[in-house]
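Here the protein sequences line up with chains D, X and F, keeping their order. Numbering-wise (our numbering), the first sequence opens with residue 1 and increments by one. Numbering-wise (our numbering), the second sequence opens with residue 1001 and increments by one. Numbering-wise (our numbering), the third sequence opens with residue 2001 and increments by one.
What the hints contain is simulated information worked out from the structure, not anything from laboratory work. In this text, a Cβ means the ideal position worked out from N, Cα and C, and glycines have one as well. Just so you know, not all the hints are guaranteed correct.
As the list claims (entries may be wrong) - Short derived list, chain X residues pointing at chain D, Cβ under 10 Å:
hint: 1; residue: 1188
hint: 2; residue: 1192
hint: 3; residue: 1197
As the list claims (entries may be wrong) - Footprint (simulated), chain X over chain D, 3 or more residues, beta carbon under 8 Å:
hint: 4; region: 32-42
hint: 5; region: 78-92
hint: 6; region: 127-137
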Amino acid sequence: MKLKFDHYGKGLAKGLWVTLRHTVRHRITTQYPEQRLNVSRRFRGYELVWDKERCTGCSTCAKSCLQGNIEIVTSRGAENKYVVEKFELDSGRCIFCGLCVESCPYDALFLSMEYECAKYRRLELVLPKERLERTENKRLSGYFRPDMEKALPEQTLLLDKAGKETQDLWR
Amino acid sequence: MEATDLKTQPFVINMGPQHPSTHGVFRMRVTLDGEVVVDLEPKLGYLHRGIEKLAETRTYTQFIPLTDRLAYLGSMFNNHAYVLAVEKLAGIRVPLRAEYMRVIVDELMRISSHLAAVGFFLNDLGASVFTPLLYMYREREKLLDLFEMVCGQRLTYNYMRIGGLSHDFPPEFLPAVKRFVDEMPFYMEEYENLLAENEIVLARSKGVGCISKDLAISASLAGPVLRSTGVKWDIRKADPYSVYDRFEFDIPVGEQGDNYDRYRVRIEEMWQSLRILRQSLQQMPEGGEFRANVPHLLYPPKGEAYGRIEGAQGELGFYIVSDGSIAPYRLHIRAPTLINITCLRDMSIGWKVADLISIFGSIDVCLGEIDR
Amino acid sequence: MKELWPLGNYWAHWAVFTVIVLAFAIVGVMMYIWVERRGFGVFQLRMGPNRAGPFGLLQSVADAIKVLLKEDIVPTVADKAAHFVAPAIVFLPVLLVFAVVPFHNGFGLLPDLNIGILYVVAISSLGVVGVFMAGWASNNKYSIIGAMRVMAAMVSYEIPLVLSILGVVLVSGSLSMNDIVAGGPIPLFLLTPLGFLVFLLSAMAEINRGPFDMLEADSEIVAGFHTEYSGMKFAMFFLAEYGHALAMSAIAATLFFKGWEGPGAQYIGVLWFIIKMVFVFILLIWFRVAFPRLRIDQLMSFGWKFLLPLAIANLLIIGGEVVGFGGDIPWWMMFPNFAVAGALILLFSRAYSLGGGRVEVKV
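Just chain D, same shape as in the assembly:
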């Protein structure tokens, strides 16, 4: 007569062994803010960057925003061209979906690579024209802008940092 032993603790012992094996592996914590990882080249960061030279005031971006966050006021200027007087983004309501960047026919809008954009007051989240202008120190992301994308650094992947090669300390 064969006796079958099934729940005498073998599964528990296997569980203990797996947790013990993890104690000799590299830890995968990143000590933010001292160490920062590179975000993706197409990162949809939390700032919209507006290129004043290329913009013609056609308002395609304002029409393609699903919430109506972009407010544009133009007036007619010299040579029958629009002069953009007000270009305001309500970044508190913006969901950074990138539909405006995708739809601009003149490539005048960019998303940035920033993610530390907290403010103390809700009114400060409504960004006027001067705040949105493209300057030298703003890092632009390559979302829908392939020429920007080539110049950006590669993203750090957890696959590289904690892949199978770095499993146990003795390897």
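Starting from the known structure of chain D, fit chains X and F onto it as the hints suggest.
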């Protein structure tokens, strides 16, 4: 007087919208007799945002970011189902390379969603310092990095467009997917060793929260909850969409419909997703378009269409009625989790409070989809 | 008293050692919290807290300051007197247990009290009253569920605990903690492995920790009996839980690992004691990390149907060996003891199933 003559009085407890483990704002009114659940009444609506009504005032392309926010742990599925419905309505053909790209991204999303579901199920069982959850989240972080590489965000992707996808894969994406698919079996065996034969997990989940085959079919459940009762129904095989008819994969089914079977079905589905990923990496065409030529403002013909896919929780469907203008006349979302929740009462009567939480965790709810 | 240090005066001895015991308990609990949080990090591939002080050593101090600054909220419908007194009743037995722990040979507040281990068992069961008072006085359904569970569990795990301690007492022949450490050449966790296992599992259930922590199950009943507590009273419960774990590790180190003995024990005996205590609570941390928790009826059935027969069997085996060898059990008996322990666990697991199933409810 015997012990069975002791009169006890059931009392009503409110597992309220703020509870550490109801996976979102979900409220249940539970009647307890001691520790045994006697009656249960779910009260929904705490996360209602009116997404179906918002669709009537947005164009078809503008609605895609809103679909991300439905079942937010599986955004690609929502995007895909909606885009499939619109393409059926307007009769748009998607290029072959775009279909393969959609399959790859869908299967990666399925693995990520099941990792989160199994991890939180074990958390509800009480691995009190989240050890299995953290191990599974380590793999999920690798997947989120891959998604960030391809579309720029980690949770709300806004990646699919009508007629294809918004971006092509960057050149380092497919080698990274191949590396992930090669390394994942090692970690999945670690999960098996940690949990599959663990006596405590078996005792807490085997036989708990059973549901019969007939009740599952008549209540129109779907997904792993249905497959764990023994019904072999998967939309990828029953009504194939995209290029799923070109792949070889199995459909895992359970036997009893209890917690343990649902957990095993999800783990087996992850293995099958890895299989589909390997085949699609081999079969994918090298060049080609990733987006069909669709006008910026789409005016689909009058009519209605229902597009459905096999999401991580079940059959996710979008029903669109169009009257020829730029916005749909009516859009309805068939949320699989809402329909799965209707059986919560039958599954959990007679079990104890601790089991109620673990049964709820094993259905894998996502409140964004229930309340829309 | 055999040795009264310092000054040979009873009052000075009592005063000095009260200060030492209080300091040891409180600093020990803070160190335990640090070891536990960093230990979880080691098992889970992450760092624990490392910002407050070097290596995060001052994290517990920062938590204590935060908790002291919080508002003390008492529900209006609560039973005020019981609500106020309950944290103290839960914390007091923990401190009292440290009175009989020998840090070194005869060095402690009352290490050679001739009913040492009986005193420990008696005092540690007073904590149950405090927990139930806390749950009842909060006037909250979640707290009542938690309090009922904990009463049932703690009372029913006293029995295997006491029986495994009795096995140790049989081997060493005395109830006094100092004599238990001094008796026998090899440590008792090797000689009586079954007794050690039963003691460890019962102690984990007594202190509501590890896979047996259903009463503070965050995912079920929010926080159990201490849901309605905030501020320093909540910190007292926290301190009491970790202090109880520390006390159980100290007792285990004394009973089963031979306390302060080791190479060079005359000079660094206290250090050996601390090392053994740390080893036992790393075992407790390891068990907590790896396993999900048991349901309440499964817990009760585990205690009554699995641990209790094993504890009685352990007692019979040890009694037989003590009588057979007339006092001192030779060291080579540990191999048959291990084999018998393994065989008993296998046999009992066949005859035992965890917990009840579904209850038929008339809807």
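Quick rundown of the hints versus the structure:
1. 1188: Residue 1188/X check fails; min Cβ-Cβ to chain D is 12 Å, beyond 10 Å.
2. 1192: holds (9 Å)
3. 1197: With Cβ-Cβ at 3 Å, under 10 Å, it holds.
4. 32-42: The restraint on the region 32-42 of chain D holds, since 4 of its residues have a Cβ under 8 Å from chain X and three suffice.
5. 78-92: violated (count 0)
6. 127-137: violated (count 0)
Checked against the numbered hints given earlier, the structure breaks hints 1, 5 and 6 and satisfies all the rest.
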